[in-house]
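Visitor: Listed here are the chains, written in short residue letters.
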Amino acid sequence: MLRAFWWKILAICLLTYTCTYGFLVKIPKLDDRLQESIRNFFFHVPMWFGMMILLLVSVIYSIKHLNNPTHKNDSYASSYAAMGTVFGSLGLITGALWANYQWGQPWSGDPKQNGAAIALLIYLAYFVLRGSMDDEEKRARIGAVYNIFAFFMLFPTLWILPRLTQSLHPGGQGSAGNPGINGKDLAPSMKLVFWPAVFGWTLLGVWITTLRIRVQLLNNKYV
Amino acid sequence: MNIWKRIFPTLLVIFTTLASINSNAQGVNNQTDIMRSNGKIYVVMAVVLIILFGLFAYLVSVDRKISKIEKEKE
Numbered sequence: 043m044l045r046a047f048w049w050k051i052l053a054i055c056l057l058t059y060t061c062t063y064g065f066l067v068k069i070p071k072l073d074d075r076l077q078e079s080i081r082n083f084f085f086h087v088p089m090w091f092g093m094m095i096l097l098l099v100s101v102i103y104s105i106k107h108l109n110n111p112t113h114k115n116d117s118y119a120s121s122y123a124a125m126g127t128v129f130g131s132l133g134l135i136t137g138a139l140w141a142n143y144q145w146g147q148p149w150s151g152d153p154k155q156n157g158a159a160i161a162l163l164i165y166l167a168y169f170v171l172r173g174s175m176d177d178e179e180k181r182a183r184i185g186a187v188y189n190i191f192a193f194f195m196l197f198p199t200l201w202i203l204p205r206l207t208q209s210l211h212p213g214g215q216g217s218a219g220n221p222g223i224n225g226k227d228l229a230p231s232m233k234l235v236f237w238p239a240v241f242g243w244t245l246l247g248v249w250i251t252t253l254r255i256r257v258q259l260l261n262n263k264y265v
Numbered sequence: 003m004n005i006w007k008r009i010f011p012t013l014l015v016i017f018t019t020l021a022s023i024n025s026n027a028q029g030v031n032n033q034t035d036i037m038r039s040n041g042k043i044y045v046v047m048a049v050v051l052i053i054l055f056g057l058f059a060y061l062v063s064v065d066r067k068i069s070k071i072e073k074e075k076e
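Heads up: the sequence lines are chains D and W, in that order.
Going by the numbering used here, the residue at position 197 of the first sequence is 239; the numbering climbs one at a time, nothing skipped.
Going by the numbering used here, the residue at position 46 of the second sequence is 48; the numbering climbs one at a time, nothing skipped.
Heads up, a few of these hints could be off.
[Unchecked claim] So these bits of chain D aren't anywhere near chain W, every CB distance computed over 10 Å:
| id | residue |
| --- | --- |
| 1 | Ala141 |
| 2 | Ile164 |
| 3 | Leu210 |
[As the list claims (entries may be wrong)] 25 Å max Cα-Cα, derived BS3-like pairs, lysine-lysine:
| id | chain 1 | residue 1 | chain 2 | residue 2 |
| --- | --- | --- | --- | --- |
| 4 | W | Lys42 | D | Lys50 |
| 5 | D | Lys114 | W | Lys75 |
| 6 | D | Lys68 | D | Lys233 |
| 7 | D | Lys114 | W | Lys67 |
| 8 | W | Lys42 | D | Lys71 |
| 9 | W | Lys73 | D | Lys50 |
FYI, nobody ran anything at the bench for these hints, they're computed from the structure.
Every residue gets a Cβ at the ideal spot worked out from N, C-alpha and C, and that includes glycine.
Work out the full structure: start from the sequences and follow the hints.
Guide: Encoded structure:
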């Protein structure tokens with residue numbers, strides 16, 4: 043998996059498709075509020091989907107590390123967490139830009155914006171925690187335990203709390219089903235771009251992560 | 003990783019072909035050329051694609067460098 047290349051070509055193809063057809067696909071003309079900015083759906087939203095997947099992989103390797111403490115498991119866990127945090131930060135920044143033109147200000151204290159910011163701060167604390175320890179074994183073990191906590195904090199901050207109150211984001215109080223995944227919410231033509239986009243951006247994240255893991259493994263083996 | 007050596011020339015050929023077709027079209031009629039149609043959305047698309055392919059090229063080069071070090075150390 044680390045050195046295979048077929049899925050990297052797949053990532054390039056999917057993202058090329060996203061960044062071409064994503065600008066050309068027919069979007070529904072609704073009430074003139076979103077206009078063409080709904081195309082952000084192919085770029086902003088996949089950041090969050092990608093972040094969720096990368097952080098899930100990270101926590102799986104943290105659990106594996108607690109079962110079987112190896113440098114490899116720790117590298118995987120920390121590298122995936124790092125890339126997940128990068129994706130989340132990009133999601134937050136692109137969201138603020140979009141919100142500035144859609145909701146009138148970059149930060150309106152929307153429950154989902156606040157939740158995402160809290161979730162990211164919890165992950166930043168993971169890196170502060172790791173950086174504060176010199177002993178590698180200790181850093182890996184305590185990091186793994188904290189990572190499990192950080193991952194499960196994503197559920198209240200991103201999935202549950204924003205949906206219990208009124209929200210500017212889709213899926214707040216009063217809306218039915220899961221926004222994005224709910225069949226009626228997304229025009230069929232947009233689905234044709236959205237899912238390849240999610241897959242492509244996630245694969246790009248995995249690619250960058252594997253590069254970091256490979257460098258870490260090289261450093262560990264031969265210093 | 004030899005595959006990249008084969009893919010890059012192919013991509014280059016495709017790009018130069020497309021570019022030459024496009025420049026011919028410009029010569030024929032400036033007003034209806036494809037880059038200026040549709041609210042100039044193709045200009046944005048081209049910018050995004052250049053950034054994307056620039057990033058891909060950089061990623062591939064880092065990937066190959068790491069592969070080379072891995073092979074040396076094995």
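Visitor: With reference to the structure, classify each hint as holding or not holding.
Guide: Now the hints, each set against the structure:
1. Ala141: Label holds. Min Cβ-Cβ 21 Å, cutoff 10 Å.
2. Ile164: The assertion about Ile164/D holds, with a minimum of 28 Å to chain W.
3. Leu210: Correct as stated: the minimum Cβ-Cβ distance to chain W is 26 Å, above 10 Å.
4. Lys42/W <-> Lys50/D: Given that 25 Å is the threshold and the Cα spacing comes to 31 Å, the pair is violated.
5. Lys114/D <-> Lys75/W: holds (17 Å)
6. Lys68/D <-> Lys233/D: With a Cα-Cα distance of about 11 Å, the restraint between Lys68/D and Lys233/D holds, given a limit of 25 Å.
7. Lys114/D <-> Lys67/W: holds (20 Å)
8. Lys42/W <-> Lys71/D: holds (19 Å)
9. Lys73/W <-> Lys50/D: Holds - the C-alpha atoms of Lys50/D and Lys73/W are around 20 Å apart, at most 25 Å.
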